[in-house]
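Could you use the hints to bring the two separately framed chains together as a complex?
The listed protein sequences derive, respectively, from chains Z and B.
Position one of the first sequence corresponds to residue 1 (my numbering), numbered consecutively onward.
Position one of the second sequence corresponds to residue 1 (my numbering), numbered consecutively onward.
Hints are computed from structural coordinates only; laboratory data are not their basis.
A virtual CB, placed ideally from N, CA and C, is assigned to each residue, including glycine.
No incorrect hints appear here.
What the simulated footprint calls covered on chain Z by chain B, stretch by stretch (three residues with Cβ under 8 Å from a Cβ of chain B suffice, anywhere in the stretch; the number is not a length):
(1) 13-19
(2) 30-42
(3) 205-217
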Amino acid sequence: MTTFREQLKGRFAVLGVVVIVLLGVLAARLWSMQVLSSSQYVTAAEKNSTREVSLPAPRGRILDVKGRPLVTNQPVMTVTAPSSIAQDTTLVARLSAAIDVTVEDILSKLASFKQERLAPRVLRTDVPLATAAYLSEHAADFPGVEVQEAAVRDYPLGSLAAHVLGYTGEVSEDQLAASKLLDASASMGDIVGKTGIESYYDAVLQGEKGFRRFEVDNQGHMRSVLAEGAPRPGKDVRLTIDKDVQAVAEKALADAITEAHRQGFTNAHAGAAVVLDIKTGAVVAMASIPTYDPAKFLGGVSAADWKALNDPASEYPLNNRAIMAAYAPASTFKSIVAMAGLQAGITTPGTTYFCPGRWVGFGTQWAKWCWLHTGHGHLTLMNGIIRSCDSVFYELGKRFYETPGEKLQAFARTIGLGARLGIDLSGEVSGRVPDAAWKKEFNKDYPEYQQWVPGDTVNMSIGQGDLLVTPLQLASAYATLGNGGLVIRPHVLDAVLGSDGTPSITASTTVSIDATLSASNLRSVRNALVGVTTIGTSKGAFRGFPISVAGKTGTAQVNGKDDYALFACYAPAASPRYAISVVIEQGGHGGSVAAPAARQIMSKLFGVKYSAIHTTDVSR
Amino acid sequence: MKPRRPLLRMVSDRLHIGLGSAVVALLCYGSLMVWTATISMVAHNALVQRQFIGIALGSLFLIGAWLVDYTQYKSWTGPLMILLSALILSPRIPGLGSTTSGATSWLQVAGIRLFQPSEPAKLLFIVVMAAVVAEYGGKIEKFKDVARVAGYAAVPFVLILLQPDLGTGLVFIMISLGMLLIGGLRPRWFLVLALSGVVLVGVVFGANEVLNRTLQRGPYDPGYAAAAAAAASSAGADAVQEVKDTSVLIKAYQVNRLLVFINPALDPRGAGYNLAQSKIAIGSGGMSGTGLAAGTQSRFNFIPEPHTDFIFSVLGEQFGFIGAITLLALYLALLAATLSISASSRDLYGALIAAGLLSMWIFQVLENVGMTVGIMPVTGIPLPFMSYGSSFMVTNLAGVGILLSIWSRRYGTGL
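This is chain B alone, in the form it adopts within the complex (with noise of 0.2 Å):
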């Protein structure tokens, strides 16, 4: 029989004080905004109701994430390359598949929808990364190594591409990047990748300019111009993408969203109304806010998406600055426990799993927040622990319950 430790050293062993509350206060600031953002929908119990089984179900992953050794998945990285690939491809299965609203994909069964497989595919993403860039120990110097670890982290990119979500897939190279960092690729490779995406992002631009106009595909398909110019008139450019859209490589909202983020003026009625709008909401939210559940933005419905996409809005106009601030604040608390978990790992697996974490949580809240304040395209990428969405919470949380996992077993296996 072994000795019994007190109970306060069994707890602070097994589990990160600094993340846990970090995690939770999120959570129920979360909670608190989801509550709020829908209270003058006529969904709003259900939506609220649906928040509290995301987190009920991400518990349960959380946990079950945290009695598993994370150095079991090293194992596994075949398998789950495969699964990632699958779970990214699966919308596109006749039968499996549903898109709403652009690029949004859902996987479903018998017409019941089950979970967004991008979600998932994120956590699977780092994993999988984990194990190929951990191989090298710590150094990443030859071009070979560079190229090997690259076309690991291509395949489920260009799958996502595909998709197509571009959001997502920002994600994935910010992963990337941060794991790099970690798992020791030299600065100048850094730059090499850098160049080479920005000639990629060219080529692929000017390739689709270039393709629609000779193929008469996208805006320069003459129904899709009719139609575009037809629903502009009327509802505004987000009817736009209702409008059947041919391009070749990238969807012409997305080239417009990018175009408006350049220069909001260009739309101001249409792709530029929702930045107005949550600029708008945030800004008028001075230093202490409008309080709960007040602020015109909020309730009239003048901000987009309020509940998921731009949640940060409705916290800004209602909450302020100082509201914004204490988020940005658990979000720092979120960010350096899991920095502190990455660096007391027993491995370097476990080091830059951790830091594929962070990689993701700090672009997503920079790429959300900064959608939102205007310093940032418009993208589908929701607020960790803060925005509505099942698949979303669960995912974020199965990567709590990693880096509990890392964290426990920082001295050992045991548990």
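The shape of chain Z in the complex, shown without the other chains (with noise of 0.2 Å):
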């Protein structure tokens, strides 16, 4: 027997050093995984098993300035499913039954990247109850859908200063590459404000998200939550905007563009008003025909929808004309005109002028007509006016042309004409107020035209030419006449409320010029305003009106189109408060078309009863 052990004693040994090399090598092994880049394991099985999401915070409210609310949240049930569902082909087309949305429909939503990875997608945001029901009653047959509450913009008001407002939509991806400049949390598939207020505080309504961190499976399923931070809901802000004033101004515009048809303008579609007040440059209202629906952007546009709101037929509804179309003034640019002269010493309020209904003040090869081809004959700068008489202000201009200093532009800048007011909405366009160095510029390409002549000083000079302002500017520069020569900067939110609802943030009024007009050339500008309205192109409008006006009506020529009514003017002439501009896109005459929706607005304003006013006005 010891022969044999003998014998396999090396043997043994050979395989007992295998035994100890093998189990050293899953040792060595075991060591360098475990102990020596142990870390890495960890932070991976960190990344398997733990995830986190965001629980977005609901938006602020917008209200009027008397806190009525013009923006709200509204409580819908949401219907969400993990992307994953999407293999189960069965499933998903039971879904589709259920929520009444495409098969299609919902695998596009399962795969969209625009969400964080694990975030249930969103296939339908408003579900009725019933459906909500019977969901819940299902569930097995559902696996993983989930039926949830969530807040959505609602808008009690409809479209009622839909401009002002603005709408939400999905973060783009423009928005998205600026909130990482500025280190902000926004992540794909937040709803932001895309325009009016929701887009300019977006910062303030938006809240703060809060946050879930959690344990899931190897399905993607949570286990458990580790950690979770309440979400914190943006601020409510209170606007300048009286619902009231504005819901009859959108009236107003449409009033307007009505009685335009009567008048025989039936291409009128489109135009703008705004109400300043003088003091404090608050936004009583601002309308912009035609409008839009913002809830249609509610859980993302249509692409009909979409399609149809930038249709050029559709006059482009979603634009805010009051602060992004800018227009030719016309005539309401005559009462700065004059104070231009008055305040460069180169008229005075009672220079006489002779209309002989074709000016020839650059010789008989450059006549121009005023409006009244009959001619106005003798009168003052101030009849001028009232009057709207073209060749008062032809002679005018010409005055200007021959004084050095570009003092017409100059003036017009002054007043805050030819540059953003600076206004707490985005889209806001700075208009133009033309110059030689302008001129030069815009010509680049066209020497022939590079040449600043006299008749570009006196076109200027009736609010024709080149020169344009918004809406807003228009009713701003007469705020400016209106308060004695302060341009303020114009402002549509009113505060910030803190949690308790009392303001945490009020708007203070900025003033951005002081014109410092004279206090005798306004008196006799602001006499002249008055004149407007109770002897002059806009005595048919204002006819009866308890409060005395003091306003300057315009038709614009627009190459191509049918003239552009405009009026502009503030209210009390003796003690003024507000100045409204009004602006109707091929309406036809100022007086006529413009004016009666001032004094619509007016009513309301200082609550007098309005009636339809028709009148007739022929002037320019």
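And the structure:
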């Protein structure tokens, strides 16, 4: 027996060594993984099983100046599902029938990369209660599908003030990039303000997202919540808009369109009106037609709606014409030209001009017509405003041309034209105050048109030519005349409200320019503007109106289009409170279309009974 | 009447204390791991219960094998060889077999699963091969002798490859090598065997590839490719196994597993996924682990087959390096005891049986633990005395019984 054991001794030793070496290899490998590089595996394990999703914060409400809600949130039942259900075709088909969304739409929503990877995809935002109940009762048939209550924007007043309020939508790539730059926490799929107040004050309205960190199993199903931070709701904002005045302003625009049609201007479809508090710059109403329904953007605007909203035939209802459109101010600019002339000392209120109907101040080859071809005869500067006589202002324009220093342009800028007023809404355009430098640059490819000619100043003097103002600038300019010469930054925000409803931030009045108008010059122009509404071009519109109004009509000629009707004013004339501008594109004459709209708005402002006015105006 | 010997002496004569304590410790450790690995499963209680039933059943086999004189098996070599082949072939017999998830073959009667015949086959293989090798008295030199031994080993090996069960086939090879070492095969013959093995593997894989291509079978079957693509896009490569595979020699998933073992980046969400999750589990366990029933990898189902093939991953995560080294130490104790029994066997036949068992266990530990830490390819080989599975447990405990039989009879045939 011993012999075979002796013989085998070496072989047992080999076997023993093999065992020790193999176990040693395993031990070394375990040492390397579990001791030396354990941390990398710990990180991988956490990444495997830990997920974080953000919890959306309800947006703040938007209230009118009296605290009445313009935009609120409403709870809706939304149906969500994890993207993984896309593989279960029978489930998707069953779900499609239950929530009335096509299979294709469900699949495309499930495949959306616009949301955090693990966030459930929203398949429908507003399911009826019966459907929600059905899904809950048959939860076993719809694994993964959840019915959740979510807050979406609600517009209790429909499209009222839609342009000021703006609409919301999913954050765009650009906005996302901008947010990253600011180190803000926006992430894909977030709902943000796209236009208007919703956009401008998004940071305030947005609130702070909460988060939920949780553990998931290998299927991505939540197993336990590790940590949770509740979202902080966005703050409410109170606007300077008065919803009653806003409603009347919108009605006035619609009525003005109807009136324009009645007067034969059937191309009238669009317009804008602005009501400013002349002392604070608060925007009491800002209307633009045509308008749109912001609710159409909830849960993503449909392709068909988006196409319709951007169709040229629709006159671009998304544009807020009050700040985004610039028009020739036409005769509404004459009061400003007169003021500029008085301030520059090149005319006086009593200076007499002669209107022959056909003005030949630059010689017969450069003859220009006054709108009244028969001529106004002899009349003072002030009567020139009241009658809206073109010849008076041709003559004054000629003087401005002859006076060095482009004083008309300088004055126009002094009262806030040609530059953004800085309203707290995005998209404001600057309008244009043309001068020699501008013309040279503008026509840099057309050398023959680069020279500033006398006719340019003369055209500008009757508010035509290359001069462009926004309805907001027009109202602001008349506010400046009304408040004694201050250009005040217009604003829509009144206050940001704290959680207890008291204002935490209040808008302040910012004077951006003091035009330092001489009191006597101001008195003369104001008297003339009152004359416009009592004996001048808009006397028909204000016949019987108990409040004294200082205003000016305008009828702008636009190449290839019907005349644009304008009216700008402030009231009451004696102790001004509000400035108003009204523009109706292709609406015809200012005195018969725009001025009655202004009267309609003022009736509401001053609590005067309003009845429809039909009048005529042939001036320009 | 024989004189009574002291009780302790009586026990130590018949029971190898080192082997006994290593096995008991492994069984306790294993039961704990099966309990914690199945804790989040619906069938948790049933699985733990069945694990204990497996241990109880295995203990009966252990006692039986202990009582039987192992030298008796020698005269049954012929019938045992036939039984061995029958066991391997049985799942293929219509009405008796059942195949799940690739290659795990079961013997079933009237729809009731009995056991996995490949497990007891390993034990029978050891017993049969020991008898064949022992005939040469510890010296295998001539080509004729090598050829005969290799022939005996080849029959069950080829049959198991036809299942196809690559893992068990490898176990057979390792058992053979260990026994041939003790049985006196000259070193140059090991070299020859190794070389011919490499050539054979190359030829088989090459032939498989060529045949698949020319006959448009397996991965080159248009139907397979389409179904595999669809399955891979939805549920990972594991689903590919469900696709009907018409490969000629080697199943596509087996080739995949080997390719992924060589380069895990090939398929990080499919065949590489299991390996990656297992490594994360073990690595994240760190020095002392996450604690019993803790650990996100095992609790949240990231570890595949946590109670069977990948039970070591659960152990690595929950008990860390300390727990893993403890296990390796227990295996070292088991294998040392087995070696000591082999060395103290009364005859070469017993020494060979013990050496076969030792080879089987060391290879299974190496393969299973190595697979979970990414140094061995993924095959379906469980961890001895630890993994859930009654056929496996009973086989291993019966092996322990045979070892005790050898130990008890080291001085003579009497018990």
